[in-house]
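> All letters in the sequence shown, in the order written, are residues -16 to -1, 1 to 290 by mature numbering (1 follows the signal peptide of the UniProt record, and there is no 0).
Calculated from the structure, these hints are not laboratory results.
There may be inaccurate statements among the hints.
[Unchecked claim] Taking lysine-lysine pairs in the DSS-like style, the calculated list, with each CA pair at most 30 Å apart, reads:
id: 1; residue 1: Lys41; residue 2: Lys18
id: 2; residue 1: Lys183; residue 2: Lys90
id: 3; residue 1: Lys41; residue 2: Lys127
Owing to the predicted nature of the structure, the values given are computational and were not obtained by experimental measurement.
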Amino acid sequence: MCMVIFAPIFAVCAFATCGGYSGHLRVRVECLDKSQSNLSITVNFAYPFRLQQVHFKPTLCDGNRQETIFMVGDYSSSAQFFVTVAVVAFLYSLLATVVYIYYQNKYREGNRGPLVDFVVTVLFAFMWLVSSCAWAKALSDVKSATDPTQVLLLISACRRPANRCSASHHPVWSELNTSVAFGFVNFILWAGNIWFVFKETGWYKTGQRYPMRSASERRANGMSQRLCSQNSVDQSGDSFYQHPYRQASFDLSRESFGQQHYSQGSFNQSMGSLRLPQTSLGQPVIISQGDVTPKGPNPIIFVNDI
């Protein structure tokens, strides 16, 4: 949202304060002959600050003759570079605003829109930094070249001790100073927007899906694994020493099983010793089919002759 609202505004402020600047300085030359003095010499300069093309005609204090003096320096490359970056950034901000509002679905489709936006945002942040630094250095040189005390050194009449030269008006630099400030503000704005654009790309989503562990986390995990392995070794050693106890318990279980077997044998023996009382029935008496009369207490058994 800050990209949509503030980026176009600060871009306009940057190229308007630099590209629309025009200033002037004024010096005065008092000759020994007052009639030949020139008390108001105005030097005008403006964007793109090609000072070698700026000239003025002061008096020579020698009759009515004048000389043509050109100022020194060409700072147009830095100024134009700064203004170009500001204009292009303004146009891209407007285009991005339209895409964000009306073409959000196409912007996210295929992840191409966020990737292009991310690359362009990084590029503009870098260009704003470079152009702002270059323009700040160029502005410092422009201030030195247009300083009235430096301009007076270019006038031949001011080199004569009999004449007096002075500055009557200095250029106003507040507008150009503001342009440099807007340049660095734009850099901060675009650099801060890199993070928000990066969150829209697939790189950020991939990083969230497979988060990278820090070195401290890796060391902690390695230490925990070593502790776990050491504990397992200790447990295995303990279990090794516990084997005799297991053998003893196994022997005890075998002994208890033998005791149970012995108890079972005793029970069988006791069951074998437990017998029913015997009943003596005497000798059987065989009686034929014709004789059915019992004789005595002996049992009678009938036998069928076949």
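> Hints first: check each against the structure and report whether it holds.
So, going through the hints one by one against the coordinates:
1. Lys41 / Lys18: The hint holds at about 18 Å.
2. Lys183 / Lys90: With Cα atoms ~17 Å apart, Lys183 and Lys90 stay inside 30 Å; holds.
3. Lys41 / Lys127: Holds. Lys41 to Lys127 sits at ~21 Å (cutoff 30 Å).
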